[in-house]
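Student: The listed protein sequences derive, respectively, from chains A and B. Residue numbers for the first sequence follow this note's numbering, so the first one is 1 and each next one is one higher. Residue numbers for the second sequence follow this note's numbering, so the first one is 1 and each next one is one higher.
Source of the hints: derived by calculation from the structure; they are not laboratory data. All values derive from a computational prediction rather than experimental measurement. Warning: the hint list may mix true and false statements.
Unchecked claim - In silico DSS-like pairs for lysine-lysine, Cα to Cα no more than 25 Å straight-line:
{"id": "1", "chain 1": "B", "residue 1": "K43", "chain 2": "A", "residue 2": "K56"}
{"id": "2", "chain 1": "B", "residue 1": "K155", "chain 2": "A", "residue 2": "K43"}
{"id": "3", "chain 1": "B", "residue 1": "K143", "chain 2": "B", "residue 2": "K155"}
{"id": "4", "chain 1": "B", "residue 1": "K251", "chain 2": "B", "residue 2": "K63"}
Take a look at the letters that make up each chain.
2 protein chains.
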Amino acid sequence: MISSQTSSSLADNVLAAIQSVVGFGPVSLHEPSFDGNELQYLKECIDSTYVSSVGKFVDKFEKDLATYTGAKFAISVVNGTASLHISLKLAGVQSGDEVLLPALTFVATANAITYCGAIPHFADSEDATLGIDVLKLREYLNKTTSQESDKCINKITGRVIRALIPMHTFGHPSDIDGLLSIANDFNIILIEDAAESLGSFYSGQHTGTFGLLGTLSFNGNKTITTGGGGAILTNDEGLARRAKHLTTTAKLPHAWEFRHDEIGYNYRMPNINAALGCAQLEQLPSKLKAKRELFLRYQNAFKNLKGVKLFSEPMNCQSNYWLQTLLLDEIESKFRDNILSVSNNSEIMTRPVWVPMNELEPFNDSPSMDLANAKLLSQRIINIPSSPSIVLRAK
Amino acid sequence: MISSQTSSSLADNVLAAIQSVVGFGPVSLHEPSFDGNELQYLKECIDSTYVSSVGKFVDKFEKDLATYTGAKFAISVVNGTASLHISLKLAGVQSGDEVLLPALTFVATANAITYCGAIPHFADSEDATLGIDVLKLREYLNKTTSQESDKCINKITGRVIRALIPMHTFGHPSDIDGLLSIANDFNIILIEDAAESLGSFYSGQHTGTFGLLGTLSFNGNKTITTGGGGAILTNDEGLARRAKHLTTTAKLPHAWEFRHDEIGYNYRMPNINAALGCAQLEQLPSKLKAKRELFLRYQNAFKNLKGVKLFSEPMNCQSNYWLQTLLLDEIESKFRDNILSVSNNSEIMTRPVWVPMNELEPFNDSPSMDLANAKLLSQRIINIPSSPSIVLRAK
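With the rest of the complex left out, here is chain A:
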């Protein structure tokens, strides 16, 4: 089998297909848009002087997030990394534990594990969801772990595998039923990294609400933004209370005394960032609609292009289509960098997926299963411009 086209023709064709949808550059990968009450809410912060760590927008944003996702509780924090860190703490992840996560994720997932003194343990990814390959992981855990006092022990390292953090890649839900079943069978706590998947549903239920805890991100490149921000989702009232406590320096309530009963963190989301979030959340439905419309336009543009496939939401899922994703045929993956060059040189921003975590220097020695498909996917994936404004502004 040989490639049916040259590097330059594939790159040119991909660029032409993107441009048929987004027009000519410069077009960013994902830019925020502010078409609602943002400025009004910011003005309310300024006028009331409540810009910092308490304020009505913090309360409202948390309530609105809980309502939208269906989680009983949402606790806003300073960013997605902080939400992962605290969720791991709340799940009882301790120094010397191992935590399973996909090798194919943003570095924050792995970093947060190390903040707890724990060790990332990498899992392979599947083509169907771009998330953890559940069948392969189950087989691996069957072979390499044992159960001792209801704990999952890595037989090779002797360490406890305490938690499992799937990440819903580019907003596409992972195989959540399969992951829940692994968590249950192997006594591992499930925490969902839903940083990319606000607005994504699995079997009609919002991502981030299946595990003991779920985490969101509102970084500038996400579907909605608070400048910087994140949130912890949970249905457990005790965990929600502890999440708020740990993220607000573990200060005990008192009229004036400063007493803290454990090592805490300054991870509160400021009111001014929450104000932005409240306005953005109001526009989430229209943004999601625009992102789905963008997918359909790309689908049309790429339908006859050989060697590349536009990734579409997994079965039984409704994805937010955060980042639109091209999947190069395996044989065409050698042209990935050429496609990236040609498009970026034309000011159409595209990017590859992250370097798999196991290939990063700080995680070279971390335990992992066979990661052949994560490696392959990392060479095949290209994200293309995904802003809802591409659709909304054209109206």
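With chain A's structure known, arrange chain B on it following the hints.
Tutor: Just chain B, lined up with the frame of chain A:
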């Protein structure tokens, strides 16, 4: 010697003196005020869509902070705690090290040390500056440490004492010459916690610029605010570059590749918070002037009140007077809680200093020198309303 007055008369007199300056309640301890370009700069963020981790206000805020403080470099971060954490990392503080700090500080100083896996080691405070008692610390270190390969070893625990973090309490500079001399003589790295002292100078030089690194906070209760925020100050270009790298997930520069060369953090200050900071920094001189004027008014109000003294800036210092501070005579300290009750019940917000760190559960087992004066000061200090707006709005 017995107290010359009853609890109720002292509390009533203190309340009357405060009210003679601030009027009748409700008056908060320290509230932000936004009298400049805040809304305009926020609007520029919204209009440009640059609200997140890059943007012109981040660059401008860092440049303006460097100019104002005289530090060669300022790196903005998500809050003061983050600036302490990264500064400790940059100073080479490692797991198992000890770090000296005053017992009388906000919990963030101690927490940040633990984030590095290091152990807080508490020092006593002096009346003259409310900061570390330098003479007492030197005597203690002479007795309890030894030098091994240019490292300061705690002879009792066997651990390296790697760093010393004085905190400039309520904006009043500590005895910086004395601290620098200890750092030099004992081979300990000096990091200044200047969270409270933006606008405070020691011998004409801005606090936070004497140590290898200095840290600032722009929390809502500080002299100027970014909602939540902080900054790292340093004159060392290599450290400045590493600070930016570590606070931006340690990502290596590349047109599209996501490669990170060490465990990093998501500690960037969002552009929208920096926008607020730029506008606030423009008003710093007028705020400082108002705070000094407030001090003078309080000085007048309290000059004839027995049993209590208004704290004034140490010799050779120009303080920002962040929080105005009453120091009860030792014999009157038993009335502290009564004074706090009476004033807070009248909606004049007052508060005591922090519970000394060694008395908090997470630090019960931490090493410390004798902390008799920190304990005493913790019973004698009362902070009273300190907002610049008290003066500015009365105009």
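Student: If you draw a straight line from the CA of K155(B) to the CA of K43(A), is it 25 Å or shorter?
Tutor: The hint is violated at about 57 Å.
Student: If you draw a straight line from the CA of K143(B) to the CA of K155(B), is it 25 Å or shorter?
Tutor: holds, 9 Å
Student: Just to be careful, I want the Cα atoms of K251(B) and K63(B) compared with a cutoff of 25 Å; is the pair within it?
Tutor: Between K251(B) and K63(B) the Cα gap is close to 22 Å, so the pair holds against 25 Å.
Student: Hey, K43(B) versus K56(A), does the alpha-carbon distance stay inside 25 Å?
Tutor: Distance of about 21 Å is within 25 Å: holds.
Hint compliance for this structure: hint 2 alone is broken.
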